[in-house]
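Colleague: Chains as they are written, first to last, in our numbering: chain D, 30 to 161; chain X, 243 to 733.
Derived from the structure by calculation, the hints contain no laboratory data. A couple of the hints might just be wrong.
Stated by the list, open to error - Partial selection, computed: residues in chain D whose CB lies under 10 Å from chain X:
1. Arg48
2. Asn54
3. Val61
4. Tyr63
5. Gly88
6. Tyr95
7. Leu97
8. Asn104
9. Gly114
10. Gly125
11. Phe136
12. Asn155
13. Cys157
Said to hold, decoys possible - Derived pair list, reagent style BS3-like, types lysine-lysine, alpha-carbon separation capped at 27 Å:
14. X:Lys502 / D:Lys72
15. X:Lys618 / D:Lys126
16. D:Lys52 / X:Lys582
17. D:Lys72 / D:Lys82
18. X:Lys330 / X:Lys389
19. D:Lys79 / X:Lys502
To be verified - Away from chain D, derived, C-beta distances all over 10 Å, residues of chain X:
20. Cys307
21. Glu320
22. Lys389
23. Pro411
24. Leu544
25. Asn552
26. Cys560
27. Ser564
28. Asn634
29. Gly643
30. Gln709
Since the structure is predicted, the reported quantities are computational estimates derived from the model, not experimental observations. For glycine and all other residues, C-beta sits at the position ideal for the given N, C-alpha and C.
The chain contents come next:
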Amino acid sequence: MTHLPEMRLLPLHAIAHGRAGDKGNVSNVSLVAYQPEAFPFLKNHVTADKVHKLYTHLGASGVIRYDLPLISAFNFVINDVLDGGVNASRSIDRHGKTLSYILLSRFITDIPTELIPEGSPYLDPNFCWQGF
Amino acid sequence: MELSVYPNQQLLTGLTAQNLHVLIDPMTIEKIKSMSKRVFIAGGAGFSGDRFDAAVPLVTHLANCDGPRYLIFEVLAERTIALAQAAKTMDPQAGYSPYLEAYLRPVIEQIEKHNIKIVSNMGAANPLAAAKHINRLADEFGLPPFKIAVLSGDDLSAYLDEQTLLGAPTMEGNRLAGRDLKAANVYLGGDAVAKALAMDVDIVLVGRTTDSALVLGPLLHEFGWADNDWDKLAAGTICGHLLECGAQVTGAYFADPGFKDVPALAEVGFPVAEVSKSGDFVITKPENTGGCVTTATVTEQLLYEMHDPNNYIVPDVCVDVSGLYLTEDGVNRILVKGIKGRPRPTQLKATVCVDGGFMAEAELSYAGMNSLARAKLAADIVLERMKKSGFNGEIRRDIIGAFSVLDGGNEPVGQENNLPFDGDYRVRLSLISAEHETAQRLCDELQHLYCSGPAAGGGYRSSVTPQMASASILLNRTLIEPHIAVEVIDG
Numbered sequence: 030m031t032h033l034p035e036m037r038l039l040p041l042h043a044i045a046h047g048r049a050g051d052k053g054n055v056s057n058v059s060l061v062a063y064q065p066e067a068f069p070f071l072k073n074h075v076t077a078d079k080v081h082k083l084y085t086h087l088g089a090s091g092v093i094r095y096d097l098p099l100i101s102a103f104n105f106v107i108n109d110v111l112d113g114g115v116n117a118s119r120s121i122d123r124h125g126k127t128l129s130y131i132l133l134s135r136f137i138t139d140i141p142t143e144l145i146p147e148g149s150p151y152l153d154p155n156f157c158w159q160g161f
Numbered sequence: 243m244e245l246s247v248y249p250n251q252q253l254l255t256g257l258t259a260q261n262l263h264v265l266i267d268p269m270t271i272e273k274i275k276s277m278s279k280r281v282f283i284a285g286g287a288g289f290s291g292d293r294f295d296a297a298v299p300l301v302t303h304l305a306n307c308d309g310p311r312y313l314i315f316e317v318l319a320e321r322t323i324a325l326a327q328a329a330k331t332m333d334p335q336a337g338y339s340p341y342l343e344a345y346l347r348p349v350i351e352q353i354e355k356h357n358i359k360i361v362s363n364m365g366a367a368n369p370l371a372a373a374k375h376i377n378r379l380a381d382e383f384g385l386p387p388f389k390i391a392v393l394s395g396d397d398l399s400a401y402l403d404e405q406t407l408l409g410a411p412t413m414e415g416n417r418l419a420g421r422d423l424k425a426a427n428v429y430l431g432g433d434a435v436a437k438a439l440a441m442d443v444d445i446v447l448v449g450r451t452t453d454s455a456l457v458l459g460p461l462l463h464e465f466g467w468a469d470n471d472w473d474k475l476a477a478g479t480i481c482g483h484l485l486e487c488g489a490q491v492t493g494a495y496f497a498d499p500g501f502k503d504v505p506a507l508a509e510v511g512f513p514v515a516e517v518s519k520s521g522d523f524v525i526t527k528p529e530n531t532g533g534c535v536t537t538a539t540v541t542e543q544l545l546y547e548m549h550d551p552n553n554y555i556v557p558d559v560c561v562d563v564s565g566l567y568l569t570e571d572g573v574n575r576i577l578v579k580g581i582k583g584r585p586r587p588t589q590l591k592a593t594v595c596v597d598g599g600f601m602a603e604a605e606l607s608y609a610g611m612n613s614l615a616r617a618k619l620a621a622d623i624v625l626e627r628m629k630k631s632g633f634n635g636e637i638r639r640d641i642i643g644a645f646s647v648l649d650g651g652n653e654p655v656g657q658e659n660n661l662p663f664d665g666d667y668r669v670r671l672s673l674i675s676a677e678h679e680t681a682q683r684l685c686d687e688l689q690h691l692y693c694s695g696p697a698a699g700g701g702y703r704s705s706v707t708p709q710m711a712s713a714s715i716l717l718n719r720t721l722i723e724p725h726i727a728v729e730v731i732d733g
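In isolation and in its complexed conformation, chain D is listed as follows (with noise of 0.2 Å):
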């Protein structure tokens, strides 16, 4: 019998975590899966292309993402997305710290339950973020 594991429609911070690192007009966003089982699921699903989406509003150009197997992490390169740099930017960021939790709050996609760490508020299934 096939295994069809449960979904629900969720953030990818439910299943990875990332930190965001900024050089020149160049921002990096990491995506570290908590469980490394979570890391083809991500792979097959978060590609450039859509996180480039997700950041076009800040002038992101283009989007390069590395992928690190063997520590169940990926890196995206994001290009012109800091308002010209730390030196530059009129955001109150001016070095885009924030910006890792775009890809975390705003990639929302049908997620197998089972990737979700053991003790993580979304395991309960009547877990719901205020207006999520």
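Since the structure of chain D is provided, determine the placement of chain X on it from the hints.
Modeller: Frame of chain D; chain X shown alone:
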């Protein structure tokens, strides 16, 4: 059999350098000791405003480590050196970290007592003055003067003319020609830091090096790795990369309550690396400190400010972390292995800073019924008046609480009805202009709304700050290397 240098694995094999002497002759023991030599490096600060007391537990920890001990302080951001350069122009005794004393005062006695070497870029644009300051501090504590090496060669304005610097093609594509040069510094590597340590000093002060060079330098000095032993140079670089941001590898900048919990962040322990001659290393932190060291914290920091993981370029080597893997080596201990390196680049990167005009930022709050509409009206009024005054540039409008950092100040399309109409919002307007007057006008216009704007605007704050524009250029290393020099201050 591979002789492990890591305690837990030693327990498994039952073999340590100490108990081997019953079996093996002294020559072999020396060899094994040298093989199992570990260098301990602690990261005491990750940026110029990092915690001043963070190094205290590190120094206590290092005092109990059996091997060479180093404490690094990384406090020099890209533009900090340009600001320091400006400070030095005003006062020849200034131009180094204003926090030098704040960082060193709590640990100066212990570093002297336990022979812990300091490697830091606190020197910024004036490492010589910084060195003198340290020895004044030592004198105040009744300590003998430290022997301090000062590394120079990063300041390009000392040996390249302004036209060469401003005329070079920039990596970002922007043009610098015709602008007022503030600073130009090339990133030196770990080899230069090792050269300074070779002078048998207690402290090394550098200006601009790569942050990771503060760690690679001591490792090159202690292990004598060949300058083409690429895998080891790469491992030392990544070790530095993991330490350079202080507690960002030990659970800070990581906590997401309920999802990624971190214990006792108020007392977060800063990182310590235990490095073996093979280049493998463990990242850990002192006992009885907060934070945590896990594969997750190390992974986040590994990729921080990294672009291509297969080709992370520093002056000493091109690093490939695609084969890097992490294993737990006890509680709050992560063993890092599998780092590869390729030959170093022929060119070195430099940051050129020029005058960048002025940035204006002004804010005003609106809250309660219909606050979003009132906040938007306030912004519209200022934008209209700026336009009428002849300003044609771009003004960024954020409404904090509605759309700001994640939205580029733009209202997300289709989200109008999802924002609370009675929220607590703060209008923020900002621009960058070559003219101080224009920047000040934006602030004034928002302030005018106290009496001349929508209902109930409050909490006006503003600032106009001089800006530094920067760009990166590449220079052949042959142009730089003859200028790298070490000066020793002893007393």
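Colleague: Determine for every hint whether it applies to the structure shown.
Modeller: So, going through the hints one by one against the coordinates:
1. The beta carbon of arginine 48 of chain D comes within 4 Å of a beta carbon in chain X, closer than 10 Å, and the hint placing it at the interface holds.
2. The restraint placing asparagine 54 of chain D at the interface with chain X holds, with a minimum CB-CB distance near 6 Å, inside the 10 Å limit.
3. The beta carbon of valine 61 of chain D comes within 5 Å of a beta carbon in chain X, closer than 10 Å, and the hint placing it at the interface holds.
4. At about 7 Å, the closest approach between the beta carbon of tyrosine 63 of chain D and any beta carbon in chain X falls short of 10 Å, and the interface hint on this residue holds.
5. Hint status for glycine 88 of chain D relative to chain X: holds, with the closest Cβ pair at about 7 Å, below 10 Å.
6. Checking tyrosine 95 of chain D against chain X: minimum C-beta separation of about 5 Å stays under 10 Å; hint holds.
7. About 6 Å separates the beta-carbon of leucine 97 of chain D from the nearest beta-carbon of chain X, less than 10 Å, and the hint is met.
8. Taken as an interface hint, asparagine 104 of chain D checks out: its beta carbon lies about 5 Å from the nearest beta carbon of chain X, inside 10 Å.
9. Satisfaction of the interface hint for glycine 114 of chain D is found here, the shortest Cβ-Cβ separation to chain X being roughly 7 Å, below the 10 Å cut-off.
10. At about 8 Å, the closest approach between the beta carbon of glycine 125 of chain D and any beta carbon in chain X falls short of 10 Å, and the interface hint on this residue holds.
11. Annotation: phenylalanine 136 of chain D was flagged as interfacial toward chain X, and the flag is violated, the nearest CB pair being 13 Å apart, outside 10 Å.
12. Among the interface hints, the one on asparagine 155 of chain D is violated; its C-beta lies about 15 Å from the nearest C-beta in chain X, farther than the 10 Å criterion.
13. Checking cysteine 157 of chain D against chain X by beta carbon gives a least distance of about 14 Å; that is not within 10 Å, so the hint is violated.
14. Distance hint between lysine 502 of chain X and lysine 72 of chain D is fulfilled; the C-alpha atoms sit about 22 Å from each other, no more than 27 Å.
15. Note on lysine 618 of chain X and lysine 126 of chain D: the hinted pairing holds, with a Cα-Cα distance of about 26 Å set against a maximum of 27 Å.
16. Taking the CA atoms of lysine 52 of chain D and lysine 582 of chain X, the gap is near 23 Å; set against the 27 Å cutoff, the hint holds.
17. As the CA atoms of lysine 72 of chain D and lysine 82 of chain D are separated by approximately 17 Å, the hinted pair is consistent with the 27 Å bound.
18. A distance of roughly 23 Å separates the Cα atoms of lysine 330 of chain X and lysine 389 of chain X; the hinted pair therefore holds under the 27 Å criterion.
19. Distance check on the hinted pair: lysine 79 of chain D and lysine 502 of chain X sit about 25 Å apart at the alpha-carbon level, within 27 Å; holds.
20. Interface exclusion of cysteine 307 of chain X from chain D stands, the closest Cβ pair being 27 Å apart, more than 10 Å.
21. Glutamate 320 of chain X, annotated as away from the interface, has a beta carbon of chain D within 10 Å; the closest lies near 7 Å.
22. No beta-carbon of chain D is positioned within 10 Å of the beta-carbon of lysine 389 of chain X; the least distance is around 36 Å.
23. No beta-carbon of chain D is positioned within 10 Å of the beta-carbon of proline 411 of chain X; the least distance is around 14 Å.
24. At the 10 Å boundary, the C-beta of leucine 544 of chain X falls inside the reach of chain D, the nearest C-beta of that chain being 7 Å off.
25. In this structure asparagine 552 of chain X is not separated from chain D by more than 10 Å, as the shortest Cβ-Cβ distance comes to only about 7 Å.
26. Against chain D, the non-interface label of cysteine 560 of chain X holds: every CB pair exceeds 10 Å, the least being about 15 Å.
27. Once the 10 Å rule is applied to beta carbons, serine 564 of chain X is inconsistent with being away from chain D; the minimum gap is 7 Å.
28. Distance check for asparagine 634 of chain X against chain D: the nearest CB is about 16 Å away, which clears 10 Å, and the non-interface claim stands.
29. For glycine 643 of chain X, the requirement that its beta carbon stay farther than 10 Å from each beta carbon of chain D is met, with the minimum near 12 Å.
30. At roughly 7 Å, the least C-beta separation between glutamine 709 of chain X and chain D is not larger than 10 Å, which violates its mark as non-interface.
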